[in-house]
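S.K.: Residue-level listing of the chains:
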Amino acid sequence: MKTKTLSSKKSDSLFSLLLDLPAFLLLAGFIVVPIIDSVVKSFQTFGIKNIITKKPGVWNDFANYLYLFKTDDFTGATLHTFSFVLGVVLVQFLLAILLALILNSNIKGARFMRSVMMTPWVVPTVISALIWMWLFQPQYGLLKYLVSVVTFGKVSEFAILNNPSTALLGVGVAALWKQIPLMTLLLLAGLQNVPQDISEAAMIDGAGKLRRFFSIILPYLSPVIKVSVSMSIIENFKQFPLFWTMTGGGPNNATTTLAVLSYREAFVSMNLGAGAAVTTLWMLMMIVVIFGYNKLFRVQEF
Amino acid sequence: MKTTMKSDSKLFSFFKYAALVGILLFLLFPLYWVLITAFKTNMEAYRYPPTFFPRVPVLDSFISLFRENNQFFVYYKNNIIVSSLVALLCCVIAIFSGYSLARFKNQWNKWFFALLLASQMFPVISRMISLYSIMGKLGIINTLGGLSLALLAAQAPFCIILMSSFFAGIPLEIEEAAYVDGAGRWRILFSIVTPLVKSGLVAVGIYAFLMTWDDYLHAATLIQADMKRTLSVGIALRYLGELSYDWSLVNTISIVGTIPVVLLFFFFQKYMIKGLVAGAVKG
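Here the protein sequences come in this chain order: H and U.
All the letters of the first sequence, read from the start, carry residue numbers 0 to 301 under numbering that gives the first Met the number 0.
All the letters of the second sequence, read from the start, carry residue numbers 0 to 282 under numbering that gives the first Met the number 0.
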């Protein structure tokens, strides 16, 4: 009897290994090895020549990293990335929780609105970039017209993407448009798990709307908030197609984020080593941010 | 007391509906704007102030897309091929590993799960820098097959986690009963358990399709030949390169490029919404 359970356990783990094998090989080949390889390349002179001649890169005494810090580009890109992530995630969370609370409050047509509002999430990223470029278009765009109507014709020129001080905001709006639906959907699912009777009991005890939100709904919702906000942080940290399509990093590098900088170094200047140096530092920052975020959230829960 | 409460709640519901309308306008009005621009003539699209309804709805830009700018449909076809292939393979991989993660709680699977979570975090560009040369050496760069494999690896982690949350909901007794009846492990997995998680499988397949349809970076770096380009890169390179954009055409492209995924999403909405919530919240 004993031997039988033992062998079944052994065959259990053998079977599970076998099932995991395809996924493991795939992830090893296309994610783990490439990431390690890109970190290695960040310490090498590796350009288009190496690709054509198939010669390996050569160790270059941190030249890629020194090169990055020779100009302000890297610092600027870091700054733009962080302000983009912070701004988009914060506004996104506020609007999404507002919309989720409203849709959860027994209004008519909530189910219908929930499904219709998901449409922007389905629209491909490059196409959402096109949609917003058209709305922001400097000569015939809708936004220009709306701004001039609201300001009674005082502001007649409004080109959000062509102005270095507003371009990041413009891309942020497109990101919000695409991402608010998913976060709302997740928060709404979380809200539906908040037990009704507790909330009702608190209402009978005289707790106001705000009080009920902060002491009952929010604690129940916090696991969902944690996951959806961290998903949003990661997504916006990695955002590339919106920037590349809408501004290409311009004007005057105002929207050059780490994603744009690394792509430009690696695939436009074909200096893959320098691009890898950007992505390596970028990954480190992301790990620190996610780690810090998880810590912060754990502290706040108690 | 009572009257203040009443006016209070009236004010509250005013703000509630104002916020609802505001957010929904932000999310939905741009779609309306794209739709009407596509049906305007170029003359009307370039009118300022803009018209909120096309004076004479025309199909000019749709016709020009089919007649003159039909390279678009090459990208379209490639996108359909790649997305379907990735969705299909993703389902297979998600059945295998999702089942394994849900059923066998061993040390190896703990590490495997951690790997799945971590791999979603890394920037795509860092992988591309390396894959560009690795796949070049292997001779699978600039092929739709190679592109699909790279995309499959990117989508698989979330799909596996999603699938495992569905497998975890199937009671073990069902399997045990089948085992007693003499069914083997593979038969139990494929003909007994998998049919029970069909809805999860649909969610995984659609999700993988949508995410692959959206891809830009993989195709931008791994594909060089115009005939093999997929939708996002094709649009960005061909229709945005010129000095002045043909905005009616661009808006038409936006619509035609979005229709398949919107249809797919709304057709399978029930599964998708359940799946997204399960995958994100439980994973």
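Since the hints were derived computationally from the structure, they do not count as laboratory data.
There's no promise every hint is true.
Listed next, the stretches of chain H that the computed footprint assigns to chain U, with coverage defined by at least 3 CB atoms under 8 Å from CB atoms of chain U [stated by the list, open to error]:
| hint | segment |
| --- | --- |
| 1 | 8-14 |
| 2 | 48-61 |
| 3 | 219-231 |
| 4 | 282-293 |
If you anchor each label on the Cβ, the simulated ranges turn out as follows [as the list claims (entries may be wrong)]:
| hint | chain 1 | residue 1 | chain 2 | residue 2 | range |
| --- | --- | --- | --- | --- | --- |
| 5 | U | K15 | H | V288 | 47 to 57 Å |
| 6 | H | G207 | U | K76 | 53 to 63 Å |
| 7 | H | N293 | U | I62 | 28 to 38 Å |
| 8 | U | Y178 | H | P21 | 41 to 51 Å |
Anything over 12 Å on all C-beta distances counts as not near chain U; from chain H, calculated [to be verified]:
| hint | residue |
| --- | --- |
| 9 | G75 |
| 10 | K237 |
| 11 | N251 |
Just so it is clear, CB atoms sit at the ideal spot from N, CA and C, and this is done for glycine as well.
S.K.: Each hint needs a verdict: does it hold in this structure or not?
M.R.: Against the structure, the hints:
{"no.": "1", "hint": "8-14", "in the structure": "holds (count 3)"}
{"no.": "2", "hint": "48-61", "in the structure": "holds (count 3)"}
{"no.": "3", "hint": "219-231", "in the structure": "holds (count 5)"}
{"no.": "4", "hint": "282-293", "in the structure": "holds (count 4)"}
{"no.": "5", "hint": "U:K15 - H:V288: 47 to 57 Å", "in the structure": "34 Å, violated"}
{"no.": "6", "hint": "H:G207 - U:K76: 53 to 63 Å", "in the structure": "58 Å, holds"}
{"no.": "7", "hint": "H:N293 - U:I62: 28 to 38 Å", "in the structure": "54 Å, violated"}
{"no.": "8", "hint": "U:Y178 - H:P21: 41 to 51 Å", "in the structure": "24 Å, violated"}
{"no.": "9", "hint": "G75", "in the structure": "18 Å, holds"}
{"no.": "10", "hint": "K237", "in the structure": "5 Å, violated"}
{"no.": "11", "hint": "N251", "in the structure": "20 Å, holds"}
Violation of the numbered hints given earlier is confined to hints 5, 7, 8, 10; the remaining hints are satisfied by the structure.
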